[in-house]
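Chains as they are written, first to last, in the working numbering: chain A, 1155 to 1403; chain B, 1155 to 1403; chain C, 1155 to 1403; chain D, 1155 to 1403; chain E, 1155 to 1403; chain F, 1155 to 1403.
Do not take every clue at face value.
Identical chains blur together in the list; that is why a pair holds if it fits in one copy or across any two.
[Claimed, not checked] Below, simulated DSSO-like cross-link-like pairs (lysine-lysine); rule was C-alpha separation at most 30 Å, straight line:
#1 1289 - 1278
#2 1278 - 1180
#3 1175 - 1330
#4 1158 - 1182
#5 1249 - 1321
#6 1378 - 1158
These aren't lab readings, by the way, just hints derived from the structure by calculation.
6 protein chains.
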Amino acid sequence: MEKKVLWINPVTTDLFDATFKSEFEKVKQPDTIIDVVSLSPAPGPTHLEYNCYEVMVMPEILRLVKKAEDEKYDAAIIGCFYDPILRAAREVTRKTIVTAPAEASLHIAATLGESISIIVGRRKWIPEMKENVHKYGFGEKLASFKSLDMGVHDFQRDHAETMRRIKQAVREAKEKDGANVIILGCTIEFGFYREVQEEMEIPVIDASLAPLKYAEFLVEINKKFGWGHSKLDGYQSPPDEELKAWQLF
Amino acid sequence: MEKKVLWINPVTTDLFDATFKSEFEKVKQPDTIIDVVSLSPAPGPTHLEYNCYEVMVMPEILRLVKKAEDEKYDAAIIGCFYDPILRAAREVTRKTIVTAPAEASLHIAATLGESISIIVGRRKWIPEMKENVHKYGFGEKLASFKSLDMGVHDFQRDHAETMRRIKQAVREAKEKDGANVIILGCTIEFGFYREVQEEMEIPVIDASLAPLKYAEFLVEINKKFGWGHSKLDGYQSPPDEELKAWQLF
Amino acid sequence: MEKKVLWINPVTTDLFDATFKSEFEKVKQPDTIIDVVSLSPAPGPTHLEYNCYEVMVMPEILRLVKKAEDEKYDAAIIGCFYDPILRAAREVTRKTIVTAPAEASLHIAATLGESISIIVGRRKWIPEMKENVHKYGFGEKLASFKSLDMGVHDFQRDHAETMRRIKQAVREAKEKDGANVIILGCTIEFGFYREVQEEMEIPVIDASLAPLKYAEFLVEINKKFGWGHSKLDGYQSPPDEELKAWQLF
Amino acid sequence: MEKKVLWINPVTTDLFDATFKSEFEKVKQPDTIIDVVSLSPAPGPTHLEYNCYEVMVMPEILRLVKKAEDEKYDAAIIGCFYDPILRAAREVTRKTIVTAPAEASLHIAATLGESISIIVGRRKWIPEMKENVHKYGFGEKLASFKSLDMGVHDFQRDHAETMRRIKQAVREAKEKDGANVIILGCTIEFGFYREVQEEMEIPVIDASLAPLKYAEFLVEINKKFGWGHSKLDGYQSPPDEELKAWQLF
Amino acid sequence: MEKKVLWINPVTTDLFDATFKSEFEKVKQPDTIIDVVSLSPAPGPTHLEYNCYEVMVMPEILRLVKKAEDEKYDAAIIGCFYDPILRAAREVTRKTIVTAPAEASLHIAATLGESISIIVGRRKWIPEMKENVHKYGFGEKLASFKSLDMGVHDFQRDHAETMRRIKQAVREAKEKDGANVIILGCTIEFGFYREVQEEMEIPVIDASLAPLKYAEFLVEINKKFGWGHSKLDGYQSPPDEELKAWQLF
Amino acid sequence: MEKKVLWINPVTTDLFDATFKSEFEKVKQPDTIIDVVSLSPAPGPTHLEYNCYEVMVMPEILRLVKKAEDEKYDAAIIGCFYDPILRAAREVTRKTIVTAPAEASLHIAATLGESISIIVGRRKWIPEMKENVHKYGFGEKLASFKSLDMGVHDFQRDHAETMRRIKQAVREAKEKDGANVIILGCTIEFGFYREVQEEMEIPVIDASLAPLKYAEFLVEINKKFGWGHSKLDGYQSPPDEELKAWQLF
């Protein structure tokens, strides 16, 4: 079953586009078409550590989601662990599935273990992410957030150092906080999960691979069974007349 | 104590600006300066019933908040009961207080009663608002949401009909849902609270008056005691270099 | 990617095995091998409406799960909406993924909507199922349970009557309880979801199709990324010596 | 707008009355009249660290609240962080607003930050205070209680020592417990908040200043909008006949 | 094992003392000594429907509890379903066990069923009782409160009418609210439980019999195993010097 | 009142039967008849540290419970702190009361203190036990689980070492986790509670004595007042025809 999936890097740099694309190509299902886009390269945020950065790029993310539906993508993934504009994106699409890293990672983690630690870059990130953990229903399963004290653009700078810090955080999460499953809470923490997982014998969810697979899964049940985002209440689509009159897209 | 407060109508119409301004002038503290602005009249949403409408105007709201701080406003109120971009607004300001209708109304309601019903326009609004009720900590105190089956622009069209529906909803909230305090869950449901409150003998919180007063209160404790939004974690401000380099404002 | 999946009908009748098998064949991924087994036909429960019936067949279910691993199944699905022995099954397998209808349906429903109603056969079933809803983290998203007042073996007896009752229950769930996504809370409520979903415009999750697809998804991320049930705490496997000494399998 | 406010020191000593009065005079709104009273100097508790001490003075507190209404006070503040008899006080008043330190401090703290630590004198105080934190809805926002290991009458004995302990507790709250806003959980912990707040860069709520300002705020919305404690359920006033027949006041 | 138990009717009338005494004599364990006292007959509340009535008699209740310990009672029961001053009473006793109707009834109900309805006299009572239900940990098991629209002194006036209303309330609780166990939420609702229970086939907990038996149980484990109220934190006893200096008892 | 109670050691060894019997004889009520049985000595689990071990013996436990009712036992206690098959056991009995160690210990602990720590053998046990703590309603009162790093059969091997570890765990629970009441979370941790309790001045609940006394209590209210497990919903008994047809017992 063909699955056309768009990964949106919601930052104004294509720095990671090629890497994501090539990583996704390795792990996608054979008949999945995966594209990766980022925002227009006008001056703008190259990371979304602050919620105000998210806000400034939200309309462009939303336009990309809308465009994804116009271009017949079956799913769009908003590639930031804050899961920005998930509700709005599900409103503007009528058929295209939308998911995001925290949602996907948490659903997987809650199936694989019972006590989840999330390894983040900075303490600053925690309150917004914690809000999402509770919103999705996994507050009781949250063991801890652990901060690496690194920014988004630090993760890939010195791999050995990042690896060292991740392992230290995972060790504490396991031993002190009682975690039995780990989420790497940023899409740019890619490339680390497998070594940590194998060496420390604990499932480690990668925040970019998880939503890709969750998207394929959601597309499959959508195509097979017609199961899509409910259009009754919170994800109801706006009337076409307003969209047109207000030239939102 | 002078308090300079900006009310932001986050819609692309100035339809309600004068009314709000004149209503606020009647009830503000003597030394409060209250200004009301709305968004630029370019084609755009004249109401925010859909989260995707919110998203499209979020950057402009954020810029207005930032500008409010530059223009020495002590407080900015984001005048929509969805409380859009509260986190981002508190990040970009370093001193200016930011609040919004649902936050203000819920804190008041939870002090005045123990079981809250929120009267909304449409069922569509409920999930996003319910998320906020839980986020702010008042989930246990929520008796019900009641829908009037009216859009934002219907409330002021036929006052008698709106009043009739509000009273019917409040009656059910009191009798069936066990509510003992009511919030009118839209800033445009203005002008109704007093008659309903007196006739039905239940406190009825108006969603535009509540945040004005809450803002004055927050400004006062900010000026007197230095109590402002914590800059430690979730409301930490972004670094100036990034703001400049990315030309966000 | 080959995925070998075993569906266990945890009842002492093969009444539904062929039907399930043929339904699954229609919707499985091309390279999935799906087998359906039921328990030995000794006198014993032909449905599990009572927890004591579950208990009496639990050892045999567990042995089937263990055997599934020995026979290189990638996943085993315990086909009852009470999700019996999920913890024990995840202990005895070291590699094979185990899932079940309620877990799978709830994760899907919580992604598609925000307020879930579960349509059950009898009121008797509710407390045990409600326990699971809370255990999995979805208590806040539960709109209601609706009982059809039918036993497991009634659902397929008079399709028109079952359909009539389901539609009536879904109508109430939507209109009175505020549900925006539905789960048919028994694997034997099969064959109804699509008509209800299309006619009533609300996602309706079928409790046998959901776990099949969730199993395929879990197998895929297991094979690709090594993500399996955490062996650290609650799903830790027992020592081989004890298993042997006690001849449990 | 004139606001006549009564602060009740619910202890049988006027030791702190003058200090509170003079501190309040400095920070009150210009047209607020603030009076401070304590209980009759008969032998009795000079602090309320034990709930049984509270109980023994509760009737006198209640009589003072009732008298406050007779004397046209707009608000009464029950000056102990256990918030004693808030419900009873709201019953016996028909118009006068009643608030208390924990309620006021928590509403403010939850608006300013997202993770609250409360600095108390002794571990003994924690269970009763924790009950209130949950009752008011802020359980999810509670980072920790930190004990200074000091009694109520120790706080003002050796200011340097008290300050040292508070700073140590705040440091731990910030660094280990993830707090981003602090409440000093006793009205007699006065005089410390500002230095701690400025030096440690975290909002520090003073438990005597907070309820004064919250009372002014509540009086203002009461006078302007008629918003007072709901008389429908939990704060319903008793019938006059019973009050008279039983000579309660 | 001798168990000396004091039932305190916390009202200024001995109207119900003899009845309680004689009912308790019928059901107590053979070696239990049960005494019933009420408050001094000075003008004062003859019921505690309002929290302010409770407050006015709290010191006398506390003195009776203290006296009970002095007179070697093994347990004191504070006979009102609001469970007044449970914490204070556990502080002032060092050995004597203290319990109360709501605590006892809820622990029993939560063991016998999974969904509890509480039949109260008036809607006014609900918020304070609901607070206790949550405080004790049984919020998730609460099906509903049902009000009979009767005051405390109405229950025994017209038995047929009271019975009729109780049955109607229980019927609704069972059928509409999903209750499977009932508590009669006032000690003066005595004499009704058995007929309702047998006729309606649902356990019906009587709020005066439950705490008597719970007290016997707690005394037994106290005498046998030394298990009494923890003196570490919330129930820590005050220092004798203060009790003496302040002449509290 | 005669109370006939059966303690079921749900393991395939009678190793502890005599000890339990003799300990119970010392503390039971005079007219209580207490019998202790274990499972058939066929090869099988001699402890239930793994949920899969529980599952394999569940049918035999259930048969013993059913037999207990046939033999006119008033109560059956399933003697493992995981409280296995409580629901099923309450279904198959129509009159006999069923309880278990965690349920009994938690109800007692929540009455005696406000913050509970549970001392377990291994970290492995925690998730399943934590599920029960939340299910019973005591999640908010849980201070911590502390692991002794010992298996079930280690507790009685070297009493001094076990005692040393328990005291160390209790010390940490009190000082670091804020516990004010302790539960020894395994029936085989017998013989230690009194010394720990007296030396460390904190109530310490023994997981075998607690359910014996709770059973006597439940039997007493059952015989006196007819209060038994609700047969309406979750504990409804299965129809006799099915039990017979399927030869389950």
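The hints, checked one at a time:
| no. | hint | result |
| --- | --- | --- |
| 1 | 1289 - 1278 | both (19 Å within a copy, 18 Å between copies) |
| 2 | 1278 - 1180 | neither (33 Å within a copy, 36 Å between copies) |
| 3 | 1175 - 1330 | neither (37 Å within a copy, 39 Å between copies) |
| 4 | 1158 - 1182 | both (11 Å within a copy, 19 Å between copies) |
| 5 | 1249 - 1321 | between (41 Å within a copy, 24 Å between copies) |
| 6 | 1378 - 1158 | both (15 Å within a copy, 20 Å between copies) |
In this structure, the earlier hints numbered 2 and 3 are contradicted, and the remaining ones agree with it.
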